[in-house]
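Throw the hints in and build the complete structure from the sequences for me.
Residue numbers (our numbering), protein chains in the order written: chain A, 52 to 509; chain B, 52 to 509.
Wrong hints could be hidden among the right ones.
Which copy? The list can't say, so a pair holds if one copy fits it or any two copies do.
[What the hints assert, rightly or not] Straight-line alpha carbon distances no greater than 30 Å define the calculated DSSO-like cross-link-like pairs of lysine-lysine that follow:
| # | residue 1 | residue 2 |
| --- | --- | --- |
| 1 | K290 | K261 |
| 2 | K326 | K290 |
| 3 | K337 | K290 |
| 4 | K261 | K366 |
| 5 | K240 | K261 |
| 6 | K261 | K87 |
| 7 | K240 | K311 |
| 8 | K290 | K411 |
| 9 | K87 | K240 |
| 10 | K72 | K220 |
| 11 | K437 | K130 |
| 12 | K87 | K366 |
| 13 | K411 | K326 |
| 14 | K126 | K366 |
| 15 | K261 | K326 |
| 16 | K326 | K110 |
| 17 | K326 | K366 |
| 18 | K115 | K366 |
| 19 | K115 | K411 |
| 20 | K115 | K72 |
No lab work stands behind these hints, which were simulated from the structure alone.
Note that this is a predicted model, so its numbers are computed, not measured.
Below, each chain spelled out in residue letters.
There are 2 protein chains.
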Amino acid sequence: MDPRIEEYLSENREHHLDELKQLLAIPSVSALPEHKQDIQRAAQWLAESLKRAGMEQVKVMPTKGNPVVYGEWLKAEGKPTVLIYGHYDVQPVDPLELWETPPFEPDIRDGQIFARGASDDKGQTFMHIKALETILRTTGSLRLNFKFCLEGEEEIGSPNLEEFVAEHKDLLAADVLVISDTSMLGRGKPAICYGLRGLCGLQIDVTGAKADLHSGLFGGAVQNPIHALVELLASMRNKDGQITINGFYDRVLPLTEEEKEAFRALNTDEEQTRKDLQVPDLFGEKGYTMVERTWARPTLEINGIYGGFQGEGIKTVIPSQAHAKITCRLVPDQDPEEILALIEEHVRTHTPPGVTVEVKRFDKGRPFITPIDHPAIQAAARAYEKVFGVTPAFTRMGGSIPIVETFDRLLHLPIVLMGFSYPDDNFHAPNEHFHLECFDNGLRTLCYYWYELEQAIG
Amino acid sequence: MDPRIEEYLSENREHHLDELKQLLAIPSVSALPEHKQDIQRAAQWLAESLKRAGMEQVKVMPTKGNPVVYGEWLKAEGKPTVLIYGHYDVQPVDPLELWETPPFEPDIRDGQIFARGASDDKGQTFMHIKALETILRTTGSLRLNFKFCLEGEEEIGSPNLEEFVAEHKDLLAADVLVISDTSMLGRGKPAICYGLRGLCGLQIDVTGAKADLHSGLFGGAVQNPIHALVELLASMRNKDGQITINGFYDRVLPLTEEEKEAFRALNTDEEQTRKDLQVPDLFGEKGYTMVERTWARPTLEINGIYGGFQGEGIKTVIPSQAHAKITCRLVPDQDPEEILALIEEHVRTHTPPGVTVEVKRFDKGRPFITPIDHPAIQAAARAYEKVFGVTPAFTRMGGSIPIVETFDRLLHLPIVLMGFSYPDDNFHAPNEHFHLECFDNGLRTLCYYWYELEQAIG
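Below is the structure:
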C-alpha cells in the first residue's frame, strides 16, 4: 500500500472527524415520520460527500420509502467491482434522559465520539467514503471499481430494499459486497463474519372435536389436541438434541477442520454463558460445541405453544384446538422451502389419530456463507493483520441479517462483513458511541483491504 | 308393598303437584345475592313440608352460607338408616327471553311441569318428601329410619357442605345415602349410576434461561422450555393411549364381567358419537370400548398449555418459561394423593436437561363406586323393575359430583344415585321442565325402593 495513505489519514484526521460530526448531527430517524426531512438531508449530505470523494453518477434514488444514495467509480478497466453497502438512517433515541450528551450533538470524550449513529452505521459508512477519498487524493486512482449503495430504512427492516435491488440488478452488479455494520469481538480482536444462518417458520394447528369438551364426560373418548400436538412436536427431536425430521441434515455443509479450529481459537467460555443465562446446563445437538451449534448447525425451535385453559388453577376441559409456532435456523446449503416441505411431510406422517393438523408457512430466508478460504475473505484477513497485528477471528452468526440475505439471493456474490465497532458501543441504546481507535484503525484497514483485494482478485 | 300406597298417590296427585308449584315459585337462585330472602323462604317451605310429612327434629341449620334443612324419622328401632340428600337452590334463569313461560310461574303443559328447578333438584327432592309422607299416611309407619339433608348451595359448588358434614357426622350417620339429582338414559330407560370418577390436577412450570432469548443468537445453545415440556408431556402417554406414569394403573379395579355386560347392554353408538363430535376417529386407551374408557378407566388430560409467542405470524424467541395444566380422571381404587405423587416422580425422572421443572398440586377428589351387587343397588334395581317393567341400566359417570365425593369421603357409606329426569329436561337452561310421568313413576319407585331395601338390608 502506498505510504502516503497513512500520512494523509493522520493529517486529515481532525477534518474527517469534523465532517463525521456534521453527518451525525442530522437526526435521520427512520422510524419516526417527523424526521422525514432529516432523512432527505442525510441522503443529500452523503451524496455531496460521495461527490467530494471523487465518486461519479452520484444520485439520491427514490424508493417507495426513503431514498437510496448511489455513487460509483468505474475507471479501473477490466478490474473487479466492489459494492459497498451502508445505511444512513438511525434508531430512535428514547429514553432521551439517559443520554449524557444530546444524541444529535456529537461529542468527543475519552477517545470516543458519542452520538446516535456513531457506530450504527453512519460512522462505519462514512469511513468507507473517506477510505476511497484518501486513496484517490493520494494516488490519483483506485485499483478496483467501486459502487456505493447507502440505504435509509435499515432500522425499520429495509421494507423497500428488496424491490430496489431487484429493479437495479445491473446498476448494482459487482464481484464482492462489503458491509461494515457488525462488531469486532472486542478491543484488539477484529473479526470477519463469513456466515449467517437462514430461517424458515411455520405454524401447526391441531383440531379435535368441534368444540371444547368436558373431560369428565369425554376424557377417554377422544384424542386431546394438546396431547396430539405434544406427541407430534416431541417426535421432531431426540434426546441428543438432534432433529429427527427425515432429511433435515441432508444438505448441511459439514464444518471444515479450518472452521472448527477458527471457532476453537475463540476460547468461548461455555460455563460463563451458562451462568449468564442462569440455566442448569447448556443443551444442544450432541457432538458439537456451543459455538458450532449456534453458528453452523441448524436448529428447530418451538417459539410458541398454546391451547386450552391458561388461567389460574384448573379447568377440566379437552380443548378443541392446540397450536404451535416453529422456526428453524438454517445453515448452508439448506433450502428454506425444502425444509418446510420436509417438516410438512413429517407432520403428515406423524399426525396422531383422532385429530386433523394444518400447517401454515411463514417467513423464510436463505442461509449465507462466504467460505473462509475465499480470496475476498483472505484478503480482508491480511488487511486486519497489517493494522491490528493479529489474525482476525473468523466468525459466523446464529441469526440472520435480512439485507445480507436479500443481496445474497438477488445478486449472488461473495459478501464480506467487516465491522469495526466494539460489542459494547451501545447500538440502539442511549450513549451510542464509536471509539476513535476503531475509526482510525478501520480506515487504515479498509485502505489496506482494497490493496490486498486487488492483489488477490484483480 | 302396601297396595294402599299406589291408591293414595293417585288420589293426591293434584294436591302434590299444587304443592310442588308452591316450591317451584320461590326463586331460590343461590348464585345471586338478591335472592338471599328467597333462599330462606325455600328452606322454611321445605322444613314445613318435612314436618307435615311426619318428619321430626326438623330444623333449618345455618352454615357460613345458605342453610341446610334437616329432618328425621328414627322410630324403626334396630333398622338401618337412609340419608336422603337433595338441594333446594336453583340455577340463574338468564337468558330470560328464551323461556316460554316465566321460570318462577310453574306451568303444566304437554304432560310436563315447566319451571326453574322442576327437575334440578326441587322436583326430585320434593318426591322424596312425598314418598315418605305417603307411606306414613297409608301405613302409619316406616320400615327404615330416614334422615334428610337438603342443601341450598349445590349450584354454586357446595362451598359449605364439607364443613357442615364434617361437623355433623353423628347427626348425618346412616347406612345408605340416596340422591336423586341425575337423569335416566331416556324415556322408559331408568338408570342407576353406581360409580363416578375422581379427579386430581396439577400444573407443570418449566423454566429455562432467566429471560426470553433470541433464537438466532442462542438457538442451539440452550434447552428450549417448550421443547422440554412437550418431551416431558409426551413421555406420559404411549401411542396406544396408555398412561406411562409408573404405577398409574396399579390400584385400578378391573371391570367385572357383569359390568362389561351391563355397559354392552347400553348399545352405545360410537359412530354416532364420532359424528356428533366431528372427529376423524374416536381415541382412547387400547383394549376398551368408549363407554369403558369414559366411565371406568382413568385418564390423564392436558387441559391447557402455554409458553412463548402466541400472536400472529412468527417471533424468533426461545421463551424463558412454558406451562401445562393436567388433570387425571381417577377410578376406584386410585388415590388422588398417590397419583399426584406418581406424576411428580415421573416429572422428576423425566425432566429433560437444561431446565428446571416445578409442579403445583390442585383440586382433587376420590373416585366413588357402590358395586352393582351391593344390596342397596340391587334393591333399587328391583324397585325400578316393578314400576318401569325393565331392568335399569347400571351406569357410571366419567365426571365427578363433588357432593358425592364429599359424602363418600366423610361418611364412608354406600351411595345410590337414582335420578328420575330425562336427559333433555333442560337442566341449567331455559324452559327447564320435569315430565309428570317421571314424577308419577319416580314417586312409586321410591315407595317400592324403601320396601325392597328393607327386605334386603333390614
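How the hints compare with the structure:
no. : hint          : in the structure
1   : K290 <-> K261 : between (35 Å within a copy, 23 Å between copies)
2   : K326 <-> K290 : within (23 Å within a copy, 38 Å between copies)
3   : K337 <-> K290 : both (9 Å within a copy, 27 Å between copies)
4   : K261 <-> K366 : both (18 Å within a copy, 29 Å between copies)
5   : K240 <-> K261 : between (60 Å within a copy, 29 Å between copies)
6   : K261 <-> K87  : neither (50 Å within a copy, 39 Å between copies)
7   : K240 <-> K311 : within (18 Å within a copy, 76 Å between copies)
8   : K290 <-> K411 : both (27 Å within a copy, 26 Å between copies)
9   : K87 <-> K240  : neither (38 Å within a copy, 78 Å between copies)
10  : K72 <-> K220  : neither (33 Å within a copy, 87 Å between copies)
11  : K437 <-> K130 : within (24 Å within a copy, 107 Å between copies)
12  : K87 <-> K366  : between (52 Å within a copy, 29 Å between copies)
13  : K411 <-> K326 : between (37 Å within a copy, 27 Å between copies)
14  : K126 <-> K366 : neither (74 Å within a copy, 46 Å between copies)
15  : K261 <-> K326 : between (47 Å within a copy, 10 Å between copies)
16  : K326 <-> K110 : neither (51 Å within a copy, 67 Å between copies)
17  : K326 <-> K366 : between (37 Å within a copy, 25 Å between copies)
18  : K115 <-> K366 : between (50 Å within a copy, 26 Å between copies)
19  : K115 <-> K411 : within (29 Å within a copy, 54 Å between copies)
20  : K115 <-> K72  : within (29 Å within a copy, 76 Å between copies)
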